[in-house]
Amino acid sequence: MTEFIAVGVETPSSVLNHVDLGLTDDDVLRMYELMLLARRLDERMEILQRQGKAHFHISCRGHEATQVGCAYALEAGKDWLHPYYRDLGVLLTIGVPARDLMLSCLAKKNDPASGGRQMPAHWGYKPLNVVTQSSPVATQIPQAAGIAYAIKRRREDAVVYVSFGEGGSSKGDFHEGLNFAGIHRLPVIFVCENNRYAISVAQNKQMAIENVADRAAGYGMAGVVVDGQDVLAVYKAMKEAVERARRGEGPTLLEAKTYRIVPHSSDDDDRLYRPREEVEYYRTVNDPLNRLRNYLFEKGIANQEMLDEIEARVMGVVNDATDWAEQQPDPDPADAMKHVYWDR
Amino acid sequence: MAVKSILEAIHDTLWKAMEADERVVVLGEDVGAKGGVFRVTAGFLEHFGEERVIDTPLAELSIVGVAIGMAINGLLPVAEIQFADFIHPAFDQIVNEAARIRYRSNGAFECPMVIRTPYGGGIHGGLYHSQSIEGFFTHVPGLKVIAPSTPYDAAGLLWAAIQDRDPVLYLEHKKTYRLIKGEVPDELFTVPIGKGEIKRPGEDITVIAYGLMLHYALEAAERVAKDGISVEVVDPRTLLPVDKELILESVKKTSKVLIVHEDNKFMGFGAELAATIVEEAFEWLDAPVKRLCGPDVPAMPYNEPQENWFMINPDKIEAAIRDLAEY
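Protein sequences appear in the order of chains X and C. Per numbering that gives the first Met the number 0, the first sequence starts with residue 0, numbered consecutively. Per numbering that gives the first Met the number 0, the second sequence starts with residue 0, numbered consecutively.
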């Protein structure tokens with residue numbers, strides 16, 4: 000049966016308490032800073048696209064609690080990540096420097112993901128086991144099962160995080176990947192960031208069920224639905240899934256109910272398919288940053304002055320990354336023939 | 000050296016590769032308890048255990064997709080697609096993923112894996128157990144495509160493919176499995192990927208063929224030799240990247256070329272060879288570059304008369320050689 004964490008409860012902050020989850024005040028402040036950094040860096044990348052300095056933008060905005068909550072439960076450098084294009088917050092939380100992410104945005108020569116070969120948000124960061132991405136959705140899911148198989152074969156206790164949208168869950172790759180992982184009880188956490196729209200196609204045209212995670216039963220694994228706007232709830236769900244995987248108890252299908260508060264990409268107009276009131280709700284009352292800010296105030300963890308300091312620090316990082324990356328060299332056409340095959 | 004069939008050569012090489020390197024695993028449908036529908040992995044499960052010999056669900060996309068993940072994380076998977084005809088659901092994983100991982104990551108990630116699959120007809124397999132698929136995959140930079148014709152090459156190229164750091168599609172003509180026998184060294188050895196071989200030297204006409212067609216071409220060459228037509232038979236062995244130098248060298252010697260493959264003609268592998276020869280050796284040619292290929296119908300019919308109509312055989316190759324000789 001699907002487990003539900005903090006779902007269906009209206010709250011301006013969180014129904015959970017960070018202390019119960021083993022988190023310190025500093026942890027929660029760190030989560031807030033990472034979420035804000037994801038938001039502000041994403042906004043800057045969009046501006047760069049509008050200025051013509053980048054050719055494409057695809058946003059993480061609205062998903063920050065889901066992404067930071069998930070990645071906060073992983074061990075950087077040991078665990079593996081096979082994220083999807085919205086996961087800017089995941090990359091920042093696991094430790095990819097903002098400067099490197101800005102190199103990808105601007106398609107610079109030293110972009111660690113692809114040397115500027117790929118569109119922005121096609122991640123990859125070898126030193127932290129962040130696997131290279133493509134554009135076809137869900138192809139990473141069976142690959143994540145294979146990565147987990149190698150982990151299990153070598154008796155390591157690492158886990159694999161793999162993410163996708165609810166649209167990706169319609170693909171055969173999803174079924175085949177989860178089926179294989181279920182059979183072999185592999186240490187992998189399948190995270191569905193369900194934002195209710197696959198570009199313009201609403202969830203009720205994507206599937207006949209309410210929860211993607213209900214499918215977990217069909218693969219013999221744990222299924223969990225969590226409020227994806229509540230970073231503490233996501234962290235709790237992910238931490239439990241990671242612990243299950245490390246104990247050898249197999250995979251989890253974790254569905255975070257979230258929302259993207261901007262169009263699908265820089266080439267989309269979401270007024271064609273979503274009511275403005277719905278978007279407005281997630282930009283205000285149910286915005287993940289507002290929820291966590293309310294929590295910080297409620298628990299007396301932070302005051303406005305501290306949040307202003309965080310904001311200033313975050314903007315410092317964003318400005319530094321932008322200014323630095325803009326000065327970096329562009330790729331050389333002569334290098335475009337490299338890395339077709341291995342050459343010693 | 001022992002005389003082995005192609006099937007035995009592949010079985011023994013894969014076995015020794017698994018003994019030599021702990022990272023090698025095999026996965027596919029029926030590769031475990033049954034030992035493969037053609038018995039290529041017979042005895043593997045008992046000897047190497049189910050962690051390294053993985054009977055997968057009946058799902059080709061994930062056989063390749065899972066193998067890619069294994070390769071990214073340090074294993075050396077040898078995936079089996081039971082029949083090449085069933086590889087198409089995995090096209091995205093092979094072409095968009097495996098073949099592009101090194102390039103798209105600017106060399107940060109790599110995907111060292113082998114996909115073995117039986118292809119080709121003449122065994123009453125009908126539309127869906129007879130297909131040749133090389134035309135789809137030789138169009139893909141980043142992938143390597145191998146089509147060995149002899150037990151020696153099958154063994155040497157398989158070990159080379161397993162050690163190769165790029166994804167390799169390894170095509171096994173299923174009619175040659177038990178039909179073709181030859182000497183194979185007892186120890187692991189490699190035949191270099193990307194190097195063809197002259198299987199029969201000659202002076203008048205170059206015939207380029209691989210897989211079952213290589214043997215039919217050799218038979219046809221032997222027949223016409225009695226009438227004084229000297230045929231050079233070139234086996235590319237690797238289709239991608241192909242040994243262009245060897246082919247051009249042979250063409251420049253004979254000045255006439257016949258390309259033979261079982262895959263259908265339009266946009267087939269032979270089209271690329273013909274274009275390359277015309278581009279780079281036009282002045283040496285004494286006749287149009289000829290292709291003898293499978294017909295452009297959707298796939299091979301099951302019934303015997305129509306299968307025979309589809310299949311190229313030594314008679315058809317002999318006739319094409321004689322036509323070209325007279326040009």
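Don't read these hints as lab results, they were simulated from the structure. Warning: the hint list may mix true and false statements.
[Unchecked claim] Straight-line Cα separation of at most 27 Å, DSS-like style, residue types lysine-lysine; simulated pairs:
1) C/K180 to C/K251
2) C/K33 to X/K151
3) C/K15 to X/K151
4) C/K315 to C/K289
5) C/K225 to C/K194
6) X/K77 to X/K125
7) C/K15 to C/K33
8) X/K151 to X/K204
9) C/K194 to X/K337
10) C/K315 to X/K337
11) X/K337 to X/K125
12) X/K337 to X/K298
[As the list claims (entries may be wrong)] Chain X is faced by these chain C residues, among others (derived, beta-carbon under 10 Å):
13) V24
14) L26
15) G42
16) T55
17) P56
18) S61
19) R99
20) S104
21) G106
22) L178
23) G181
24) F265
25) P313
26) K315
27) A318
Nothing here was measured: the structure is a model prediction, and the numbers come from that model. In this text, a Cβ means the ideal position worked out from N, Cα and C, and glycines have one as well.
**Asked** Within a Cα-Cα threshold of 27 Å, do C/K15 and C/K33 meet the stated pairing?
**Response** holds, 20 Å
**Restraint check for C/K315 with C/K289, where alpha carbons must lie at most 27 Å apart** = Between C/K315 and C/K289 the Cα gap is close to 13 Å, so the pair holds against 27 Å.
**C/K315 paired with X/K337 [C-alpha distance capped at 27 Å]** = Violated, because 43 Å separates the two Cα atoms, which is more than 27 Å.
**Cut-off 10 Å, beta-carbon criterion: hint that C/F265 touches chain X** = violated, 27 Å
**Prompt:** Regarding the hint that C/P313 lies at the interface with chain X, is the smallest CB-CB distance below 10 Å?
**Reply:** violated, 36 Å
**Message:** Restraint: C/G181 near chain X, CB-CB cut 10 Å. Satisfied or not?
**Reply:** violated, 29 Å
**Message:** Tell me if the interface restraint on C/S104 is satisfied: Cβ within less than 10 Å of some Cβ in chain X.
**Reply:** holds, 4 Å
**Message:** Need the status of pair C/K15, X/K151: alpha-carbon distance at most 27 Å?
**Reply:** Cα-Cα ~24 Å, so holds.
**Item:** Agreement of C/K180 and C/K251 with the hint, judged by alpha carbon distance not exceeding 27 Å
**Value:** violated, 32 Å
**Asked** Going by Cβ atoms only, is C/K315 closer than 10 Å to chain X?
**Response** With Cβ-Cβ at 36 Å, over 10 Å, it is violated.
**Message:** Would the hint on C/L26 be counted as holding, given a Cβ-Cβ threshold of 10 Å to chain X?
**Reply:** Holds - the Cβ of C/L26 comes within 10 Å of chain X, reaching about 9 Å at its closest.
**Asked** Regarding the pair C/K194 and X/K337, is the alpha-carbon distance no greater than 27 Å?
**Response** holds, 21 Å
Hints 1, 5, 8, 10, 12, 15, 22, 23, 24, 25, 26 and 27 from the list above are not met by this structure, while the remaining hints are.
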